[in-house]
Structure formats: C-alpha cells, structure tokens
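S.K.: Here is what each chain is made of, one letter per residue.
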Amino acid sequence: MEATGQRTSLTQLRRGALEYCVLALVADEERYAVDLVRDLGEVEALVTSEGTLYPLLSRLRREGLVATTWRESEAGPPRRYYRITESGRVSLRAFAQEWTSFRDAVDTLITEGT
Amino acid sequence: MDMTQTDLPGAGAIDSYIGRVDAAARSLPPDRRIELLDQLREHLDAVAQGPGATERAVLAAIDRLGDPAEIVASEDDLATSARAVVMPTRSAWGPLEIIAVILLIAGSFLIPVIGPLAGLVCAWLSPAWTRGEKWVATALASGGIVVVVGLLVLARL
Numbered sequence: 004m005e006a007t008g009q010r011t012s013l014t015q016l017r018r019g020a021l022e023y024c025v026l027a028l029v030a031d032e033e034r035y036a037v038d039l040v041r042d043l044g045e046v047e048a049l050v051t052s053e054g055t056l057y058p059l060l061s062r063l064r065r066e067g068l069v070a071t072t073w074r075e076s077e078a079g080p081p082r083r084y085y086r087i088t089e090s091g092r093v094s095l096r097a098f099a100q101e102w103t104s105f106r107d108a109v110d111t112l113i114t115e116g117t
Numbered sequence: 002m003d004m005t006q007t008d009l010p011g012a013g014a015i016d017s018y019i020g021r022v023d024a025a026a027r028s029l030p031p032d033r034r035i036e037l038l039d040q041l042r043e044h045l046d047a048v049a050q051g052p053g054a055t056e057r058a059v060l061a062a063i064d065r066l067g068d069p070a071e072i073v074a075s076e077d078d079l080a081t082s083a084r085a086v087v088m089p090t091r092s093a094w095g096p097l098e099i100i101a102v103i104l105l106i107a108g109s110f111l112i113p114v115i116g117p118l119a120g121l122v123c124a125w126l127s128p129a130w131t132r133g134e135k136w137v138a139t140a141l142a143s144g145g146i147v148v149v150v151g152l153l154v155l156a157r158l
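Chains as they are written, first to last, in my numbering: chain A, 4 to 117; chain B, 2 to 158.
Because the hints were derived from the structure by calculation, they are not lab data.
Being a predicted model, the structure only gives us computed values, none of them experimental.
Ideal Cβ placement from N, Cα and C applies to all residues, glycine included.
Treat the hints loosely; a few may be bogus.
[Claimed, not checked] Some but not every residue of chain B turned toward chain A, in silico, with C-beta under 10 Å:
1) V22
2) E36
3) Q40
4) L41
5) E43
6) D46
7) A47
8) V48
9) Q50
10) E76
[Claimed, not checked] If we take Cβ atoms under 7 Å as the criterion, some of the chain A residues that face chain B in the derived model are:
11) E53
12) P58
13) G79
[Said to hold, decoys possible] Label pairs and their calculated CB-CB ranges:
14) A:A20 - B:A70: 22 to 28 Å
15) A:T117 - B:G95: 55 to 61 Å
16) A:S12 - B:D68: 19 to 25 Å
17) B:A14 - A:S104: 43 to 49 Å
18) B:G95 - A:E45: 49 to 55 Å
19) A:T11 - B:A129: 31 to 37 Å
20) A:S12 - B:A129: 33 to 39 Å
21) A:P81 - B:A24: 26 to 32 Å
22) B:V149 - A:S12: 56 to 62 Å
23) A:Q9 - B:A129: 37 to 43 Å
24) B:G20 - A:R10: 27 to 33 Å
25) B:D32 - A:R96: 28 to 34 Å
26) B:W125 - A:E45: 53 to 59 Å
27) A:L49 - B:T55: 25 to 31 Å
Turn these sequences into a full structure, and let the hints steer you where they fit.
M.R.: Have a look at this one:
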C-alpha cells in the first residue's frame, strides 16, 4: 500500500516536472520530434516509456506553449519540429523560479528528517 | 500507400504495433487518436529509415515506446481536465425522464397517489435534474397527493 502510494506521488511529480523539461529542451533551438523523444527517453528518472511523450507534446501544442513546423527531409516524409513559443518561455521561466525554492525546501526537510 | 514502406525493416512489426495502439485508443476523440497514431508512425518510420536500420533496431524502438494502453492512459489523463469543461454537466433526457414527467402530470388520473409517486421515484433516479429541481417536483407532486388523499378521506366520511 505504502509502496503504491509512493509510486503514485513520484509519477505525479515526474509528470509535473516533465513538461517543463520538454519546454527547456526546445527553448534554444527547434527540435525534430523523434530526436526530442529519444533524448528524453534516455533520462530514465523522468520518462518511463517514450510513447507517453507524444500525448504530452500534443497538449503543449494545444496550449500554445510549443509550436510545430513541418520540414522536408532529404529522405522520407516531412518531419515534425517543435520549438518553444513566447508563452511557453514565460511559463518555463516561472516554473524555473518556483522549482528552485521548491527543491531547496524539500531537500532541507528531507535531510532533516532522515 | 507508398510501396517502399513495406520494404523497410520491421514494417510488419510497425503495422502491428500501430494497430494495437489504434485498438487501445478507441476511447479518444478522433482527432487526438489520429494525431497520436501519426506521431508514433512517424517515430518508427524514422527509425526504420535511419542509416543501417535493422529489424532489431525497430523492435527495440517499439519496446521503448512502450505499452499502447499506457500511452493511451497518459493521453486520457492529460485530457481529463480539458474534457471536464467541455462535457455537459447534465445528461440529456432519456426514457426515464419522459416517464417521470408523464407520471407526474397524468399519474393521478391513471392510479391516484401511486401514479405520481412512481413519477417521483423516476425523477429522483434520473441524473438529468439537480437536487433542487427534484425537491421542487416532490413538493408540487406531494401537494397533489395530499389533495387526492384528502378528497378520498372526505368521500369516505
């Protein structure tokens, strides 16, 4: 029971932080969706299965935090690229500040408690 | 569509995986389902078209994408908040609501007391009305029932 609860809250934390990690990855340059998903998939602490990133990318696009562009590729069909929007940048900046104080507070309490 | 697609390594495995996601995604709105299937196919096609791609590489990529049910579940989670706003808060009228209204209006002519009472039971069982509306119906209908019962008692006297 306790282990299940812990897993659930970790999943929630991961889910909450993950979208900002995606925003951060497309903040400096536009990225090909497949490369983006593969790179994030390498970070095991964040992503359990790469496929779940696609619904997240779609939601970020619907919310206007990222924009997509289709680009022709040398071989094969056109490729979908993602980049951050101005509203995504505002959102990422706000999270980055909150995150620092959140992380510090949790670190302090957890260190004191163990 | 494109004949060269079937020559790619792991083409059969890709089709079968996309088919499994499609089946798992039946609960999603059509536009979301199509977008998800497009994204996953694009991902796997990119692996299959990569330099020196092998069937094994494609199978590994499918494995990393993960369980179709899990992917669809994450889409559902993300959609829940958005969909809650779009969904009507009350359901439309069905047979239960129509029977309730008929019994409440005409029930006392069919079977006095029992008729409108049955109408009230139907109304309370229905998800289409709020609690407040149900209490108003109850107050109005029980007024009628009190009158009928009163008349019956007076007639006996």
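S.K.: Taking the hints in turn, state whether each one holds.
M.R.: For each hint, the structure was consulted:
1. V22: The hint holds - B:V22 has a Cβ within 10 Å of chain A, the shortest such distance being about 8 Å.
2. E36: Result: holds, 6 Å to nearest chain A Cβ.
3. Q40: This interface hint holds because 4 Å falls under the 10 Å limit.
4. L41: With a closest approach of 6 Å, the B:L41 hint holds.
5. E43: This interface hint holds because 6 Å falls under the 10 Å limit.
6. D46: Hint holds; B:D46 Cβ to chain A Cβ min 7 Å, cut 10 Å.
7. A47: Nearest chain A Cβ about 4 Å off; hint holds.
8. V48: holds, 8 Å
9. Q50: Hint holds; B:Q50 Cβ to chain A Cβ min 5 Å, cut 10 Å.
10. E76: holds, 4 Å
11. E53: At about 5 Å, which falls below the 7 Å cut-off, the nearest Cβ of chain B leaves the hint on A:E53 intact, so it holds.
12. P58: holds, 4 Å
13. G79: This hint holds: A:G79 lies near chain B, its Cβ roughly 5 Å from the closest one there, short of 7 Å.
14. A:A20 - B:A70: 22 to 28 Å: holds, 24 Å
15. A:T117 - B:G95: 55 to 61 Å: Distance hint for A:T117, B:G95 holds at roughly 57 Å.
16. A:S12 - B:D68: 19 to 25 Å: Roughly 22 Å apart at Cβ, these two residues keep to the hinted range, so it holds.
17. B:A14 - A:S104: 43 to 49 Å: Once the Cβ atoms are compared, 47 Å apart, the range 43 to 49 Å for A:S104 and B:A14 holds.
18. B:G95 - A:E45: 49 to 55 Å: Roughly 51 Å apart at Cβ, these two residues keep to the hinted range, so it holds.
19. A:T11 - B:A129: 31 to 37 Å: For A:T11 and B:A129 the Cβ distance comes to about 35 Å; the hint holds.
20. A:S12 - B:A129: 33 to 39 Å: About 38 Å separates the Cβ atoms of A:S12 and B:A129, which means 33 to 39 Å holds.
21. A:P81 - B:A24: 26 to 32 Å: At roughly 27 Å between Cβ atoms, B:A24 and A:P81 fall inside 26 to 32 Å, so the hint holds.
22. B:V149 - A:S12: 56 to 62 Å: holds, 59 Å
23. A:Q9 - B:A129: 37 to 43 Å: holds, 42 Å
24. B:G20 - A:R10: 27 to 33 Å: holds, 30 Å
25. B:D32 - A:R96: 28 to 34 Å: Check passed, 31 Å falls within 28 to 34 Å.
26. B:W125 - A:E45: 53 to 59 Å: Holds: the Cβ-Cβ distance is about 57 Å, inside 53 to 59 Å.
27. A:L49 - B:T55: 25 to 31 Å: Holds, since A:L49 and B:T55 (Cβ atoms, about 28 Å apart) stay within the stated range.
Figure legend: structure checked against the earlier numbered hints; every hint is met.
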